[in-house]
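Student: Listed here are the chains, written in short residue letters.
Protein chains: 2
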Amino acid sequence: MPFQYLEYYNGTTGLSVGVNKVLFSEQTPFQKVEVYETDTWGNLMTIDGMVMLSEKDEFVYHEMIAHVACFSHPNPKRVLIIGGGDGGTAREVLKHTSVEHVDMVEIDEAVVRASKQFMPGVGDFDNPKLHVLYENGLTFVDHVPLKYDVIIIDGSDPVGPAVDLFKQEFYDKCRDALNDNGVLTGQTESPWVSSYHESIQSVFRAVDNAFEFSRMYLAFIPLYPTGMWSMAFASKGIDPLSDEVLNRVTSGLNQFGDTLKYYNADMHRAAFALPGFVKEIIAK
Amino acid sequence: MPFQYLEYYNGTTGLSVGVNKVLFSEQTPFQKVEVYETDTWGNLMTIDGMVMLSEKDEFVYHEMIAHVACFSHPNPKRVLIIGGGDGGTAREVLKHTSVEHVDMVEIDEAVVRASKQFMPGVGDFDNPKLHVLYENGLTFVDHVPLKYDVIIIDGSDPVGPAVDLFKQEFYDKCRDALNDNGVLTGQTESPWVSSYHESIQSVFRAVDNAFEFSRMYLAFIPLYPTGMWSMAFASKGIDPLSDEVLNRVTSGLNQFGDTLKYYNADMHRAAFALPGFVKEIIAK
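Chains as they are written, first to last, in our numbering: chain A, 172 to 455; chain B, 172 to 455.
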């Protein structure tokens, strides 16, 4: 039976999406995972009533969280994804031919199961380089077997199981889990939503403390609250806007053909430009 | 009586905003103009059920449509605004000390009246350099008394009275109404909304035909459909990304103090970066 999905954010402001039917709905030990069939965005996954991705817009988030990190590192071989159960971030990471091993640490196997069944184009789960581990990301980074070149924090919003992914302790452990040239990216909510400001500030204080280099970058994501989404970049020294990285992006993208729909050399650079009102949030 | 305002776009996808009360509601000869008191965005104006601006987010649209044009021109003195009845675009234009005369050609006096009464911080209507004319922009550009340095197309969506602002004839006339160094900017809807693609393509074909130089640029506008909004830049030769313009932005912004919350030198440049899926729309 068709209905209007409604997600409130910023007080009484919300996103409404027409749903044809509910394809998946499961209260897991961690959260409520649902997949809806929509008429405009393909199938759409929510967690605890918040949009995670749709088949039509997921490319933005996944390209921007994966390629900014993987092109900034000179030669990423081992990549760790915390969360990312839908598989889209791993799919983009695996487009980098240097990558040999991806560990995806997802707390909730239901997210992977729902994505495989109802969003089959999102993940690349049969790729032999991808290793899916059902564990808590916070404890996983405490005992990594072998360090990583890139870590990507692809968790959900800072309520429920992802809340620890916005804290200092987690970023300190991530830094320890990275090799010398290590790079980290993560999603950090919308600057327009004032109830998120504390979480955004918490992450940027944490990466600023833990890493030699950190910056915010932005992407247009139509189904996330306000359409403006922020991400954190942190590294042991690599500047994503250095000539070395920008040249690597340009030459590297030649290998990719036309598989990307959002990320390109201009967008890599442009994403790091911040409006004054956004700078003010993280300056606090 | 409180209610949820709901604006559909892209099929059944929509924006919902909590309204405390209706402050203004008038069916004019041209359109339905309403102002709502909201709990999150201050007062919010809609035209024919589409959000035009809120007190809290209007700075993005107005800064981006005004300053990209006014800084690109080396010495803007005479500026024409088509539409823009809320007054926000004129307010930003008038921050440029070179500007001597602004004609604002708004078809519907009710928009100005509603803005003056219920959004008093948006306009700068007492400024003696500002001349408000209640006329149809399309016929006005046909008989301009004196040419302009900058023209800004600040109309509503391509339904109702603004539909002609998306056609070739209008841009041909705008070009004729501009001085030699003339620059034009205008709002051109969201690339994410497929029902707008025809209008977007129509404008970019038109400016490409009429002008020596044209490009799309983007801004994050949280209360417009999908949060990604496109604008057109066109000129008789000026490239908004030339070193000359970028240097002018940097030095010019020193005069502005901290009155801007979105536009800055980085955002000027970054706005012109386009994702592949957006380039494809205007390449057609």
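Please keep in mind that the hints were generated in silico from the structure rather than gathered at the bench. Please read all numbers here as calculations on a predicted model, not as lab measurements. The reader is advised that the hints may include incorrect statements.
Pairs involving identical chains hold if they fit within one copy or between any two copies, as the list cannot separate such chains.
[What the hints assert, rightly or not] Pairs of lysine-lysine, DSS-like flavour, derived with a Cα cap of 27 Å:
#, residue 1, residue 2
1, Lys455, Lys287
2, Lys248, Lys227
3, Lys450, Lys266
4, Lys227, Lys455
5, Lys266, Lys203
6, Lys287, Lys248
7, Lys455, Lys432
8, Lys203, Lys318
9, Lys450, Lys227
10, Lys248, Lys432
11, Lys192, Lys450
12, Lys287, Lys344
13, Lys227, Lys432
Student: Which constraints among the numbered hints does this structure fail? Numbers only, ascending.
Tutor: Of the numbered hints, 1, 2, 5, 8, 11 and 12 do not hold.
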